Each structure stands twice: as C-alpha cells, then as structure tokens.
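Protein chains: 2
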Amino acid sequence: MTRSKTPEGTRGRILDTAERMFAEHGVFSVSNRQISDEAGLGNNTAVSYHFGSKAELVRAIYLRHSEPVELLREKAVDEHAGSTDLRDWLACLVRPFTDHLASLGTSSWYARFVAQLMTEPKLRELDLVDVGQTPLQRTVYDALHRCLPDQAPAVRDERDEMARTLIVHMCARRERDLPADSTALWNATATGLVDALAGLYRAPSEV
Amino acid sequence: MTRSKTPEGTRGRILDTAERMFAEHGVFSVSNRQISDEAGLGNNTAVSYHFGSKAELVRAIYLRHSEPVELLREKAVDEHAGSTDLRDWLACLVRPFTDHLASLGTSSWYARFVAQLMTEPKLRELDLVDVGQTPLQRTVYDALHRCLPDQAPAVRDERDEMARTLIVHMCARRERDLPADSTALWNATATGLVDALAGLYRAPSEV
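Taken in sequence, the protein lines are chains A and B. Our numbering applies: residue -7 is where the first sequence begins, and numbers increase by one. Our numbering applies: residue -7 is where the second sequence begins, and numbers increase by one.
Source of the hints: derived by calculation from the structure; they are not laboratory data. Watch out, some of these pointers could steer you wrong.
[Claimed, not checked] Straight-line alpha carbon distances no greater than 27 Å define the calculated BS3-like cross-link-like pairs of lysine-lysine that follow:
1. B:K114 - B:K46
2. A:K46 - B:K114
3. B:K114 - A:K114
4. A:K46 - B:K46
5. A:K114 - B:K46
6. A:K46 - A:K114
[As the list claims (entries may be wrong)] Taking beta-carbon pairs under 7 Å as the criterion, some of the chain B residues facing chain A (in silico):
7. S21
8. A107
9. P113
10. R194
[To be verified] Away from chain B, derived, C-beta distances all over 10 Å, residues of chain A:
11. S45
12. D70
13. S174
Small disclaimer: the values here were computed from a predicted structure and weren't measured. Beta carbons are placed, not taken as given, at the ideal position from N, Cα and C, and that holds for glycine.
Go ahead and model the full structure; you've got the sequences and the hints to work with.
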C-alpha cells in the first residue's frame, strides 16, 4: 500500500503528514496545529476533528502499517509451515517488517515511529508494541523455540526481547539514511539481522 | 558516585529531579517549570538560571553519568590488556554501563535516558551518543575486532551498531522493572548480553 495510490482525503493527508513529522521531530515535539498547517488544511482543529486525541492519531498511524506487516507475516508463516530451520522463523520476524518498509520507498517513516513507541515513556503507556503481542507473532516465536529445544525458558524469553529490540532499532537507524534505491538496503538489512540473530539465539548461555 | 553522598546544592537537586522526570515521562513531556516545582525550588527560573537551555540540562545529565562509566571502562580495559578473548572485550562494552547502573541502586534512570538520546529525533541532534564515539570506546572495538580477524569490515561495523543498540535498549527495559536488589539483576543482564553478543559477533555472514 503506497500512499500516492490510495488517496484517503483529509484523513490520509493528516496521517501522511503526522507520521513524517513524528519521525523527523519526535511525537511530543509536534503539535496538532503544526500538523494541520503542514498538511495545508487551514483548519487548525482538523486533527482533533478526525482523530480526537494525539493518542488516537498515534494508534491510527500504527494500525495503518502494522496491518500490512501482519498480512506479510501470515504469508511468510504459511510458506515456512513445518520448517525446523531457525533462520526461516527469524525471517518471519524480520522480513515482513523490512519488506513493508521497502514498499514505502523513500517515504518511509514507520521504523522511527515504532522505535519511539518502544522507547518514549508516554508512548509505551499506549501498549501498542511489545514482544509476541499478536497470536501470529506468538506462532512465530513458538516455532522458533522448537528449533532450540534445549534452551532454558528464561534465556529464550530474554533473546526474544533482544530480537524484537534489535529489529526495530536497527531498522530505525537505517531509515534515517535511506538511499534512492531503498529496496536493496532493506534486503541487506534483513539478511544482516537474520545472520546476527541466528548467532544470538544459538549462543550458549554461561549462566 | 551516589547522589546522597555528594550533595551539589540546587544544581544537584535539579539534575536528580530532571533525570527521574525525563525517564518517567519523556524529555519533551516535561517543562523546566515542572522540574523546578518538583524539585521544590519555588523559583520557576531556577532551571534556566543553572543550565540555560534544555539541551544544556540534557548534556549535564549525560556527562554526570558518562564520566563514571568511562572511568569504569578504563579500569576494565587495563585489566584485559592483551586479551584475545572476544568475551573480555564484550565485557568492556557492557559491564561499565551495567556496573554504573548497579551503583545507582533503585534510583536508576540513566539507561532510559540514554535510550531516549539514541531514539528521539531532537535528542539525536545533540549527537551525544553513538557507536565508538570516545577514544576509549574505539580502543575496545579495535581489540574486539582483532578477535575476529576474518570478518568483513561492513559486517563488523554493522555488528558494532547492533551491540551498542542492544546494550542500551535492553538495559532501559530492565531499568523499568527494577527489583529492590538491583545488583543481582544488573549482573544477570550483563551476563545475558555478553553471552548473546558473543553469538551475534561470531555468527557467520551469509552475504
């Protein structure tokens, strides 16, 4: 879903503008009025008319992207059903996110937005993102754990947290310096993450 | 350096209050006036009198902690001089940070603060934290790379970024649910990070 192909009127213009401004300046450094101005709406109450609070605007931006990411994940899970290769399940964690970011071209702000959702205290309170929150993500982590049957549950849980943290924050870093050909960059990022996470998950625990 | 032992007067009270409020509510959700009120200063201009801008306040909080962390790192580097064990150099990345956090007891807000410095767009502009920024950190990364002589420079650089990202954001997560005995938690966190990062760095790259 690229923005230019699915005009959503005023609501869509607000979402486009807000997600760019949030990624560039930070969610709490941008006011609803600034978003209205930047979206060229003239009407300073447009944001609250369409979304109510900033929390609702943040939630709408999150859903606009997390839904297509989950659809890509559903396909990936179907594709790898029955696999006992750790890398396949790591790809199910990483690739839906990087493939969605690649589909956004150079208008990609979502990785930096999710990084803020995971880090900013007031955004964390919205409880939108965390490890294995959806049933589909749970399925992926369960399949991944079956590839590591001897790993202690505490170590497994810790590495799940590390994986989720690393995927989001590394993608946010890459998104800040996006080249014109962003697809190649996202592919390399995904491969680098799957390689590194395979080592991270397989590492012996010395405790 | 624990806060109770080194009273620094008004300046110290502002720093203590600001770093707690920044960690709990986010740097851009807290005003200088709120910090003055919470510090019980009565005078609403106390923060700007002592620090000028919010950027200067943020820098002062950062330095108050990064200096003791670097002192701990200097000791660790001396201790491991000549080592060719990857885990020793990973410990030089991880332990100075977790040991400093442990020294703060339950009044620990610094990991969440650094996580915001790495993620919030306006705080990133201050350019306070990034991979291998100090000469001492460079020394650690160089020694670490000598343990992996066959690794391609691009892979090495990517894993350095991953390591730094993972250390800060995992410590920020842990700091949010700190038990009364925080020392044991920080030790376990450090061990878990060194284990996982050893696997991450040693993982073969399939590119």
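Status of each hint after checking the structure:
no.: 1; hint: B:K114 - B:K46; result: holds, 11 Å
no.: 2; hint: A:K46 - B:K114; result: holds, 19 Å
no.: 3; hint: B:K114 - A:K114; result: holds, 16 Å
no.: 4; hint: A:K46 - B:K46; result: holds, 24 Å
no.: 5; hint: A:K114 - B:K46; result: holds, 19 Å
no.: 6; hint: A:K46 - A:K114; result: holds, 11 Å
no.: 7; hint: S21; result: holds, 5 Å
no.: 8; hint: A107; result: holds, 5 Å
no.: 9; hint: P113; result: holds, 5 Å
no.: 10; hint: R194; result: holds, 6 Å
no.: 11; hint: S45; result: holds, 14 Å
no.: 12; hint: D70; result: holds, 23 Å
no.: 13; hint: S174; result: holds, 17 Å
Figure legend: structure checked against the earlier numbered hints; every hint is met.
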